[in-house]
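Residue numbers (numbering that gives the first Met the number 0): 0 to 184.
It is possible that some hints are incorrect.
DEER-style ranges, computed between Cβ atoms [said to hold, decoys possible]:
#1 155 to 73: 31 to 41 Å
#2 154 to 87: 29 to 39 Å
#3 182 to 38: 13 to 23 Å
#4 164 to 77: 33 to 43 Å
#5 73 to 25: 23 to 33 Å
#6 101 to 77: 13 to 23 Å
#7 38 to 123: 11 to 21 Å
#8 183 to 73: 35 to 45 Å
#9 165 to 84: 29 to 39 Å
#10 85 to 182: 24 to 34 Å
Taking lysine to any residue pairs in the SDA-like style, the calculated list, with each CA pair at most 25 Å apart, reads [as the list claims (entries may be wrong)]:
#11 87 to 74
#12 109 to 76
#13 96 to 124
#14 96 to 150
#15 123 to 109
#16 173 to 143
#17 96 to 172
#18 96 to 108
#19 173 to 30
#20 168 to 181
#21 123 to 172
#22 81 to 42
#23 87 to 11
#24 81 to 29
#25 168 to 102
#26 173 to 126
#27 168 to 129
#28 81 to 26
#29 173 to 26
#30 96 to 65
#31 167 to 77
#32 173 to 122
#33 168 to 158
#34 109 to 122
#35 81 to 129
#36 109 to 89
#37 96 to 84
#38 87 to 22
#39 168 to 22
#40 91 to 4
Hints listed in this document are in silico derivations from the structure and should not be mistaken for laboratory results. No experiment lies behind these values; they were computed from the predicted model shown. Cβ atoms here follow ideal geometry from the backbone N, Cα and C, with glycine treated the same way.
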Amino acid sequence: MRIIAGEYGGRPLHGLVGQDTRPTSDNIKETMFNLIGPYFEGGVVLDLYAGTGALAIEAISRGAAEAYLIDQNAVAFETINKNIEITKAPEKFNVFKGNAANHLMMLMHKQLQFNLIFLDPPYKEQTIVSDIEWLLEHEMVAERALITCETHSSVELPEEIGDLTVYKKRHCGKTLLTIYSRGEF
0 MRIIAGEYGG RPLHGLVGQD TRPTSDNIKE TMFNLIGPYF EGGVVLDLYA GTGALAIEAI
60 SRGAAEAYLI DQNAVAFETI NKNIEITKAP EKFNVFKGNA ANHLMMLMHK QLQFNLIFLD
120 PPYKEQTIVS DIEWLLEHEM VAERALITCE THSSVELPEE IGDLTVYKKR HCGKTLLTIY
180 SRGEF
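Turn these sequences into a full structure, and let the hints guide you.
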């Protein structure tokens, strides 16, 4: 596993050895970033089920300004922090360990809005639709935003959630990437 492109491209990342997780492979990550645009000019990222932090780190490497990463697994939290050290830019990352809902409430009170959101919950806990509805209800999705969802290929997400519409979809083996957009892209 590595950072694919951008400022930190080519640097290796630590994985979650022996954990019951499903890290996004480099091939899927590359496909994802090709779909959403290879580089960014600023913007705030939310990686809600961060795992290794690879998606948020990739977004920062490609030009996003700031990232918020949340994961409840203690080993994942440690791995995220190790991977952030690789970037030598810890000031661009805000990492939280614990329940996603609790940390989202705290971020809501800071009136944060996200331009790029990664949702890759454990396959057995498909909470993507309710997560998106909550983020929309609490005005945490910026006027121009992309939400990238990673699910098992058998899971079909709705074409619309609130004022978000499916922007792009791509099957990658047993994984389905569904990208929602708000605003013009």
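Comparing the hints with the structure gives:
1. For residue 155 and residue 73, the Cβ-Cβ distance of about 33 Å falls inside the hinted range of 31 to 41 Å, so the restraint holds.
2. For residue 154 and residue 87, the Cβ-Cβ distance of about 37 Å falls inside the hinted range of 29 to 39 Å, so the restraint holds.
3. As the Cβ distance of residue 182 to residue 38 is approximately 18 Å, the hint placing it in 13 to 23 Å holds.
4. Hint check: residue 164 to residue 77, Cβ distance near 37 Å, so the stated range 33 to 43 Å holds.
5. At about 25 Å, the beta-carbon gap between residue 73 and residue 25 stays in the expected band of 23 to 33 Å.
6. Checked against the given bound of 13 to 23 Å, the beta carbons of residue 101 and residue 77, roughly 19 Å apart, stay inside it.
7. In this structure, residue 38 and residue 123 break the distance hint of 11 to 21 Å, their C-beta atoms being roughly 34 Å apart.
8. Checked against the hint of 35 to 45 Å, the pair residue 183 and residue 73 passes, with Cβ atoms roughly 41 Å apart.
9. Taking 29 to 39 Å as the suggested C-beta distance range, the pair residue 165 and residue 84 conforms, at roughly 36 Å.
10. About 32 Å separates the C-beta atoms of residue 85 and residue 182, a value consistent with the hinted range of 24 to 34 Å.
11. Annotation: proposed proximity of residue 87 to residue 74 holds, straight-line Cα distance about 21 Å (limit 25 Å).
12. Between the alpha carbons of residue 109 and residue 76 the distance comes to roughly 22 Å, so the proposed pair stays at or under 25 Å and holds.
13. Simply put, residue 96 and residue 124 have alpha-carbon atoms about 18 Å apart, close enough for the 25 Å limit, and the pair holds.
14. Restraint check for residue 96 and residue 150: satisfied, since their Cα atoms lie roughly 22 Å apart, inside the 25 Å limit.
15. Taken as a hint, the residue 123 and residue 109 pair is broken in the structure, with Cα atoms around 31 Å apart against an allowance of 25 Å.
16. With a C-alpha separation of about 29 Å, the suggested pairing of residue 173 with residue 143 is violated against the 25 Å cut-off.
17. For the hint linking residue 96 to residue 172, the alpha-carbon distance of about 31 Å lies beyond 25 Å, and the restraint is violated.
18. Restraint check for residue 96 and residue 108: satisfied, since their Cα atoms lie roughly 18 Å apart, inside the 25 Å limit.
19. About 14 Å separates the Cα atoms of residue 173 and residue 30, which keeps this hinted pair within 25 Å; it holds.
20. Pair hint residue 168 plus residue 181 holds up; C-alpha atoms about 15 Å apart against a cutoff of 25 Å.
21. For the hint linking residue 123 to residue 172, the alpha-carbon distance of about 18 Å falls within 25 Å, and the restraint holds.
22. Proximity of residue 81 to residue 42 is assessed by CA-CA distance (about 23 Å); at most 25 Å being required, the pair is judged to hold.
23. For the given pair, residue 87 sits about 13 Å from residue 11 by alpha-carbon distance, which is consistent with the 25 Å threshold.
24. Straight-line distance between C-alpha atoms of residue 81 and residue 29 comes to about 22 Å, which keeps the hinted pair within the 25 Å bound.
25. Annotation: proposed proximity of residue 168 to residue 102 is violated, straight-line Cα distance about 29 Å (limit 25 Å).
26. With a CA separation close to 18 Å, the supplied pair residue 173 and residue 126 stays within the 25 Å bound.
27. Using a Cα cut-off of 25 Å, the hinted pair residue 168 and residue 129 holds, with the two alpha carbons roughly 19 Å apart.
28. A threshold of 25 Å between alpha carbons decides the hint, and for residue 81 with residue 26 the separation of about 22 Å falls inside it, so the pair holds.
29. The straight-line distance between the Cα atoms of residue 173 and residue 26 is roughly 13 Å, inside the 25 Å bound, and the hint therefore holds.
30. Note on residue 96 and residue 65: the hinted pairing holds, with a Cα-Cα distance of about 18 Å set against a maximum of 25 Å.
31. For the proposed pair residue 167 and residue 77, the alpha carbon gap of about 33 Å is over 25 Å, so the pair is violated.
32. A threshold of 25 Å between alpha carbons decides the hint, and for residue 173 with residue 122 the separation of about 11 Å falls inside it, so the pair holds.
33. In summary, the hint linking residue 168 to residue 158 is supported, as the alpha carbons are separated by about 10 Å, within the 25 Å threshold.
34. The straight-line distance between the Cα atoms of residue 109 and residue 122 is roughly 30 Å, outside the 25 Å bound, and the hint therefore fails.
35. Our distance criterion of 25 Å between C-alpha atoms is broken by residue 81 and residue 129, whose separation comes to about 30 Å.
36. About 20 Å separates the Cα atoms of residue 109 and residue 89, which keeps this hinted pair within 25 Å; it holds.
37. Pair hint residue 96 plus residue 84 holds up; C-alpha atoms about 17 Å apart against a cutoff of 25 Å.
38. A C-alpha spacing of about 22 Å is found between residue 87 and residue 22, which places the hinted pair at or below 25 Å, so the restraint holds.
39. With a C-alpha separation of about 19 Å, the suggested pair residue 168 and residue 22 falls inside the 25 Å cut-off, and the hint holds.
40. For the suggested pair residue 91 and residue 4, the alpha carbons sit about 17 Å apart, so the restraint of at most 25 Å is met.
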